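Sequence order for the protein chains is X and D.
50 is the number of the first residue of the first sequence in the working numbering; add one for each residue after it.
8 is the number of the first residue of the second sequence in the working numbering; add one for each residue after it.
If you're looking for bench data, these hints aren't it; they were derived computationally from the structure.
These numbers come from a predicted model, not from an experiment.
Each residue gets a CB set at the ideal place from its N, CA and C atoms; glycine is no exception.
Take these hints with a grain of salt, some might be off.
[Unchecked claim] The following label-pair restraints were derived from C-beta to C-beta distances:
(1) P49(D) to V108(X): 52 to 62 angstroms
(2) G128(D) to K123(X): 34 to 44 angstroms
(3) S167(X) to S40(D): 23 to 33 angstroms
(4) S87(X) to R234(D): 29 to 39 angstroms
(5) S40(D) to A151(X): 40 to 50 angstroms
(6) D152(D) to P105(X): 29 to 39 angstroms
[Unchecked claim] Each computed SDA-like pair below joins lysine to any residue, with the alpha-carbon atoms no more than 20 angstroms apart:
(7) K201(D) to K91(D)
(8) K124(D) to K197(X)
(9) K197(X) to L236(X)
(10) K86(D) to T22(D)
(11) K255(X) to A13(D)
(12) K90(D) to T66(D)
(13) K124(D) to I230(X)
(14) K91(D) to K197(X)
(15) K19(D) to K86(D)
(16) K124(D) to K252(X)
(17) K124(D) to L93(D)
(18) K90(D) to D170(X)
(19) K252(X) to G156(D)
(20) K91(D) to P178(X)
(21) K78(D) to Q153(D)
(22) K123(X) to Y141(X)
(23) K91(D) to L236(X)
(24) K124(D) to R168(X)
(25) K91(D) to L113(D)
(26) K177(D) to A13(D)
(27) K252(X) to R157(D)
(28) K78(D) to N20(D)
(29) K177(D) to G156(D)
(30) K86(D) to S106(D)
(31) K124(D) to I158(X)
(32) K90(D) to S167(X)
(33) K124(D) to V173(X)
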Amino acid sequence: MVLYILQGLIWTVIITVGSFAIGSLLGVAVAGARTAASKIVRVLGRIYVEIIRSVPPLVWLFLVFFGLAEIGLKLTPFQAAMLTFSVIASAYLGEIYRGGLATLGRGQIEASNSLGLSRLDLLVRIVSPQVFRTVSPSMVTYGIGLMKDSALASTIGVVEMTFRANQVTQNTGQGLAAFAIVGGAYLLLSIPLGFWARGVDEKMRKKYVVN
Amino acid sequence: MSETSAPYLSAKNITKDFGETRVLDDVSMGINSGDVISIVGPSGAGKSTFLRCINLLETPTSGLLEIGDFKISIGPGHKSATKKELSTLRRNVGMVFQSFNLFPHLTVMENISLAQKRVLGRNDDEAKERAMTLLDRVGLRDKADQYPGRCSGGQQQRVAIARSLSLDPKVMLFDEPTSALDPEVGAEILSVMKELANEGMTMMVVTHEMGFAREVADTVHVMVDGRVVESGNPEKIMNDPEHPRTRKFLGAVLGR
Chain X
50 MVLYILQGLI
60 WTVIITVGSF
70 AIGSLLGVAV
80 AGARTAASKI
90 VRVLGRIYVE
100 IIRSVPPLVW
110 LFLVFFGLAE
120 IGLKLTPFQA
130 AMLTFSVIAS
140 AYLGEIYRGG
150 LATLGRGQIE
160 ASNSLGLSRL
170 DLLVRIVSPQ
180 VFRTVSPSMV
190 TYGIGLMKDS
200 ALASTIGVVE
210 MTFRANQVTQ
220 NTGQGLAAFA
230 IVGGAYLLLS
240 IPLGFWARGV
250 DEKMRKKYVV
260 N
Chain D
8 MSETSAPYLS
18 AKNITKDFGE
28 TRVLDDVSMG
38 INSGDVISIV
48 GPSGAGKSTF
58 LRCINLLETP
68 TSGLLEIGDF
78 KISIGPGHKS
88 ATKKELSTLR
98 RNVGMVFQSF
108 NLFPHLTVME
118 NISLAQKRVL
128 GRNDDEAKER
138 AMTLLDRVGL
148 RDKADQYPGR
158 CSGGQQQRVA
168 IARSLSLDPK
178 VMLFDEPTSA
188 LDPEVGAEIL
198 SVMKELANEG
208 MTMMVVTHEM
218 GFAREVADTV
228 HVMVDGRVVE
238 SGNPEKIMND
248 PEHPRTRKFL
258 GAVLGR
């Protein structure tokens, strides 16, 4: 039973890591849109973020899986879960990036421009490392939340841990044991991540005292 | 200062509007190679905005910039500067800011070598060597591996000067470089600037330091309400100002 349930861990990890990775890239575009020079782009970015964050993830998951199937786009449960969580992650991570950008003063951007550094250099060598430093703890916190949300994928039939525990419960009636195993697995995944995030944060703070 | 040869840098008829407000009204200024000019005046006069128009950190509403062979007209009917033009301009014009604006995630050495490598294409050794020479010059050789957060304000500003000099600019712009510092520390920065001037660097300095203007500047321009109201040699302006606004401003800063 333990083994059967833990085999579902791979899907939990794939959905979490995969959608976090895709969301963290799309999030750059979202943050870009939210801080764009053009007002129309800013408003569109705002609408995107608000719509995604206002609807519960479970509803989004059903909308994507059942809704898209109805209009002819039939996704497998795994595809639907990846798509949904990636898009949701892009909205949240985009907002996290935007918060980090706000802590970066205009002065550094001007200094970079006055030195003749290209926009790409500015983004890659000046802005990104600092924003990443500021937001990495929030990103990990969001990642842990995303991992827990990924359990929702069981509702559309992704055979991850929660789904398997549910199966075991239906077949054997040992719900307490089955879900305790799932809970324990989430706990073991979350705690080291949290510690790691705090460690990184403290190390960064010590290294370059932010002024 | 020779009046016959064309100035190395000139900004002509620079006008800048922020929305409805005209912050620069037809400001023209030129500087010969090796000269130092000081731009003084009450706050809000547009001094910093004017300086920032010279390296196009701020795009003027209209005007003409000439720096060496580089010429660009800005305004209705003119194209905006291309990336290449901007890069040429900024490589030749260094800028030092009131708030230092060092990159806090990079060491002092990395702050000074980054643009050398990315903009001038110097290799790591060349960039480091140049950075070390400059750090020696501003007296901060031992700070090379520190992060800016571990340096005092005065040290940060000296690093910022070294960073700007590392690209071998033809002209240096200083935007109130001592305003964020204690007077004592400000004096250190002014002495670094004085040395630079003595070595023949062409400098445009927005400052409240009338002492610096008097000692170092070849020409002082007084700006009030977005216009240059008076220009001339510092002794003349300070001892015998012609414009009533100059007199009022000097009265306030010199306490007389």
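Review point. Can you give the numbers of the hints that this structure goes against, from lowest to highest?
Key: Hints 2, 6, 7, 8, 11, 13, 14, 16, 20, 21, 22, 23, 25, 29 and 30 are the ones this structure does not satisfy, whereas the remaining hints hold.
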